[in-house]
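Peer 1: Sequence:
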Amino acid sequence: MKLTSEHQQFRQVVRSIVENEINPHVDEWESAGIFPAHELFPKLAAVGALGLEYAPEVGGQGADHLFTLVLAEELGRADCAGVPMAIAVQTSMATPALAEFGSADLQQRYLAPALRGEMVCSIAVSEPD
247 MKLTSEHQQF RQVVRSIVEN EINPHVDEWE SAGIFPAHEL FPKLAAVGAL
297 GLEYAPEVGG QGADHLFTLV LAEELGRADC AGVPMAIAVQ TSMATPALAE
347 FGSADLQQRY LAPALRGEMV CSIAVSEPD
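Number 375 marks the last residue of the sequence shown (the numbering used here); no jumps.
Since the hints were derived computationally from the structure, they do not count as laboratory data.
What you are looking at is a predicted structure, and each value in this text was computed from that prediction instead of being measured.
Keep in mind that the hints are not guaranteed to be accurate.
Quick list of simulated restraints, FRET-style, between CB atoms [unchecked claim]:
id, residue 1, residue 2, range
1, 288, 258, 13 to 23 Å
2, 349, 278, 30 to 40 Å
3, 274, 364, 32 to 42 Å
4, 272, 319, 10 to 20 Å
5, 350, 277, 16 to 26 Å
6, 373, 250, 40 to 50 Å
7, 280, 364, 43 to 53 Å
8, 310, 362, 20 to 30 Å
9, 350, 254, 14 to 24 Å
10, 284, 327, 29 to 39 Å
11, 255, 359, 21 to 31 Å
For glycine and all other residues, C-beta sits at the position ideal for the given N, C-alpha and C.
All chains, please: the whole structure from these sequences, using the hints.
Peer 2: As structure tokens, this is what we get:
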């Protein structure tokens, strides 16, 4: 498996975001008990990181799975686990169902803003009492 120059460029972009937009703030965020996803996610979206494998028609990049692997590798350089997990929830847990099963209306209302970093998604899991 060989990465293309586009994969390598994307790696450098994501690495820069981790080094400049995440790691310098980890201690502050953890001390304050916050994570400003609404500030970070638009920066990730600006480089296509939130919609890598999604169709361009809904705001995705139409990229191959290697881009997702590069994103995961570089997020592994973060000085915390919570921020990469929040990004993974957005990219790999909450939005895939919208892309796969959502109507065109739901995709425009929820998926497109999530891929632009304007909407932060979450998941909920429950078990019987």
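Peer 1: Give a verdict on every hint.
Peer 2: Structure-based check of all given hints:
1. Judged by the Cβ atoms, the range 13 to 23 Å given for residue 288 and residue 258 holds: they are separated by roughly 20 Å.
2. In this structure the supplied range 30 to 40 Å holds for residue 349 paired with residue 278, their Cβ-Cβ distance being about 39 Å.
3. Take residue 274 and residue 364: their Cβ atoms lie about 24 Å apart, and the range 32 to 42 Å is violated.
4. Separation of residue 272 from residue 319 is about 18 Å and conforms to the stated range, judged on CB atoms against 10 to 20 Å.
5. A hinted range of 16 to 26 Å is violated for the C-beta pair residue 350 and residue 277, which are about 43 Å apart.
6. In this structure the hint that residue 373 and residue 250 lie 40 to 50 Å apart at CB holds, the actual value being about 43 Å.
7. Roughly 19 Å separates the CB atoms of residue 280 and residue 364, a value that falls outside the hinted 43 to 53 Å.
8. Against the hinted window of 20 to 30 Å, the Cβ-Cβ separation of residue 310 and residue 362 comes to about 21 Å, which satisfies the hint.
9. Range check, residue 350 to residue 254: about 35 Å between beta-carbon atoms, so the 14 to 24 Å window is missed.
10. Remark: the range hint 29 to 39 Å for residue 284 to residue 327 is contradicted by a beta-carbon distance near 20 Å.
11. The hint said 21 to 31 Å for the Cβ distance between residue 255 and residue 359, and at roughly 26 Å that hint holds.
Checked against the numbered hints given earlier, the structure breaks hints 3, 5, 7, 9, 10 and satisfies all the rest.
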